[in-house]
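S.K.: Line by line, the protein sequences are chains A and B.
Residues 77 to 424 in this note's numbering are what the first sequence lists, from first letter to last.
Residues 77 to 424 in this note's numbering are what the second sequence lists, from first letter to last.
These are computed hints drawn from the structure, not numbers from a lab.
Honestly, I wouldn't trust all of these hints.
Here are the computed distance ranges between Cβ atoms for each label pair [said to hold, decoys possible]:
no., chain 1, residue 1, chain 2, residue 2, range
1, B, 422, A, 289, 50 to 58 Å
2, A, 210, B, 255, 39 to 47 Å
3, B, 422, A, 258, 30 to 38 Å
4, A, 290, B, 391, 47 to 55 Å
5, A, 423, B, 109, 34 to 42 Å
6, A, 114, B, 82, 22 to 30 Å
Simulated coverage check for chain A against chain B, where a stretch passes if three residues somewhere in it have a Cβ under 8 Å from a Cβ of chain B [unchecked claim]:
no., stretch
7, 118-130
8, 185-191
9, 247-253
10, 265-279
11, 302-314
All C-beta atoms in this analysis are idealised placements derived from N, C-alpha and C, irrespective of residue type, glycine included.
Chain by chain, the residues run as shown.
2 protein chains.
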Amino acid sequence: MLPYYRRVHRKVDGRELVLYGLHPLEAPPLPELREPLSPNPHLRYHPLRQEWVVYAAHRQERTFLPPKEHCPLCPSREGGFPTEIPFPHFQVAVFENRFPSLVPNPAPPPEGLPVPVGRALGRCEVVVYTEAHVGSLATLTEEERLLLAWVWRDRYRALYALEGVRFVMPFENRGEAVGVTLHHPHGQIYAYPFVPPILERESQAFRERPVLLELFPHLEPYRVDGEEGFLAFVPPFARYPYEVWVAPLERHPGLWTFSQGEMAAFARLLGRVVARYDALFGEAFPYVMVFHAAPLGEERTFHFHVEFYPPKRAKDKLKFLAGTELGAGTFVVDALPEETAKRLREVL
Amino acid sequence: MLPYYRRVHRKVDGRELVLYGLHPLEAPPLPELREPLSPNPHLRYHPLRQEWVVYAAHRQERTFLPPKEHCPLCPSREGGFPTEIPFPHFQVAVFENRFPSLVPNPAPPPEGLPVPVGRALGRCEVVVYTEAHVGSLATLTEEERLLLAWVWRDRYRALYALEGVRFVMPFENRGEAVGVTLHHPHGQIYAYPFVPPILERESQAFRERPVLLELFPHLEPYRVDGEEGFLAFVPPFARYPYEVWVAPLERHPGLWTFSQGEMAAFARLLGRVVARYDALFGEAFPYVMVFHAAPLGEERTFHFHVEFYPPKRAKDKLKFLAGTELGAGTFVVDALPEETAKRLREVL
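Isolated chain A (complex conformation) (with noise of 0.2 Å):
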């Protein structure tokens, strides 16, 4: 295990902040805004798709602490006006997200409802990848990049104790073709009281077969990057032009089972992926990654992976949701697998 130092900060207003360092973190804290929080999501049955809908109606009025000329994903400076982080230096910071959809004590739901409702329970999460206000995935050094891997590690362990969460998803928007207004890197974990749709059909599918294994010799031709024991690759079925995936070539239900060597080779991938996403466009690709670790009790079956979805098609054209994926669920693509695997693969 990397030897990180690890300090927990409770907010003024209760919130939990995490400071991850490779370096003692010492520092005493700086002064810090108190501002109402007032998060009372909850959990509404959708009776024809089958699937939990969150409503966080609070978020609405999301709302910043500081001015917008001011980054709240940057360290504070003494005198200066306070951010999230009320300390002047910080490697990686997670704290629980001020406007968050999932919470540790939520209220009751509402009563009188037509469906089923449920209580909004679990935790968010943001992830400040490094107090440097402009950066990446692709452009942390080595020894960065592999602390936050292990951060999420971390997470995944913390979260997955809390009595009722089903199952963690560490995952980044990045840029503001996927809506992002904060540019400070980082991206965000949400824990979830239930599986939601999309993991229980995976865990479906790896119940039944390993997909995954079972591909592994036929991605030649999708192959994007590897590491030792990793691969980087367009599916086959890519749902978007530039869709990629990272996965180990051996079965994990998460990244909490790999080995020290596997969580360096895991971290460097993922950094030339992000690089090569940049590389294509010459310019900071957006995309939106997500991971896909076991959820509660799939762990015999399941096997961890990471998936981006870019929703760019071109330089300066975006693949747009619309009436076939939102209203049908069938996704149409406008470029091969292969062709888009060879552009990647080439691109550095």
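Given chain A, put chain B in place with the hints provided.
M.R.: Structure of chain B alone, referenced to chain A:
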């Protein structure tokens, strides 16, 4: 049945064009351009999501027949540049999409892929609502909107009659926020050779219980508008802030079983929902509208309804689908259905 006229024209490139009108359609066709067509879509199976993905690689070069300043969905003018519709006038025009994802005679799918493949059998049509370049479902005259409803009904008949088709879905993508580049009022229809995942799911739900019939008695707070026998409402489990459904109060598998009066009530209500949308922010309101009718074999339990998915959560704010929606399938919504229903109810 509405006494409308129907004229089938074979375009010079072999595609079918059907003109519908309340008056005889007798003008001779104007000259057409013959552009090479090479649609060769195919299907690949996604083994983890267990669904088909459609590859339509030729769509990447989607250029259009006429230069940009000409609308391809307007009528052609004598001596002018040929549009998709080589007639000087029409009321509603339906033609096979020049860049189809599904085709009546697909080439065999590629061989040697590591996942199951399939023929992209089916049909993709464009439905031009009116010859007028500017307008919407809301601004059509009552007579025009009723004709359009009968056109949808006729297309259901024609497309479900095609060998191998298992689901037919009229839909409309409206506005640049959902990727639309042609503003002439129009929709599309896809005829699929399989039951798409969302319809599979809904069919299963309806087989288990009459979900909509059970909901209707409880929808007063969610009501947006109504007509004799029809209700427009925000579902209490909406996945988009201003999502609206339109459904008949009695179960119909599709609009093909509506009475004459029901056809008219349905058409009127659909128009008023769009009028309410447009009044909401005082501008054309973008949406994806999909018709969910019974897939083949589900006629005895499926309850026809229309779903509108608007991408806006405020006048200048889009709801982006990102990590939790795309990667887990769980929607987070920041507006309560009972509140958006009230706004839509009171706006007109």
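S.K.: Hints first: check each against the structure and report whether it holds.
M.R.: Right, here's what the structure says about each hint:
At about 57 Å, the CB distance of residue 422 of chain B to residue 289 of chain A agrees with the hint of 50 to 58 Å. Between residue 210 of chain A and residue 255 of chain B the Cβ separation comes to about 30 Å, which falls outside the hinted range of 39 to 47 Å. Between residue 422 of chain B and residue 258 of chain A the CB atoms are about 35 Å apart, so this pair conforms to the stated range of 30 to 38 Å. The hinted range of 47 to 55 Å is satisfied by residue 290 of chain A and residue 391 of chain B, whose Cβ atoms lie roughly 49 Å apart.
For the hinted restraint 34 to 42 Å between residue 423 of chain A and residue 109 of chain B, the CB-CB distance of approximately 37 Å keeps it satisfied. Roughly 59 Å separates the CB atoms of residue 114 of chain A and residue 82 of chain B, a value that falls outside the hinted 22 to 30 Å. Remark: the stretch 118-130 of chain A is confirmed as covered by chain B, as 11 of its residues place a Cβ nearer than 8 Å to a Cβ of that chain, reaching the required three. With 3 residues carrying a beta carbon less than 8 Å from a beta carbon of chain B, the stretch 185-191 of chain A meets the three-residue requirement, and the given coverage holds.
Closer than 8 Å: that is the beta-carbon criterion, and the stretch 247-253 of chain A has 3 residues meeting it against chain B, so the requirement of 3 holds. Evaluation of the coverage hint for the stretch 265-279 of chain A: fulfilled, as 8 residues show C-beta separations to chain B shorter than 8 Å, against a requirement of three. Coverage of the stretch 302-314 of chain A by chain B holds in this model, with 4 residues showing a Cβ closer than 8 Å to a Cβ of that chain against a need of three.
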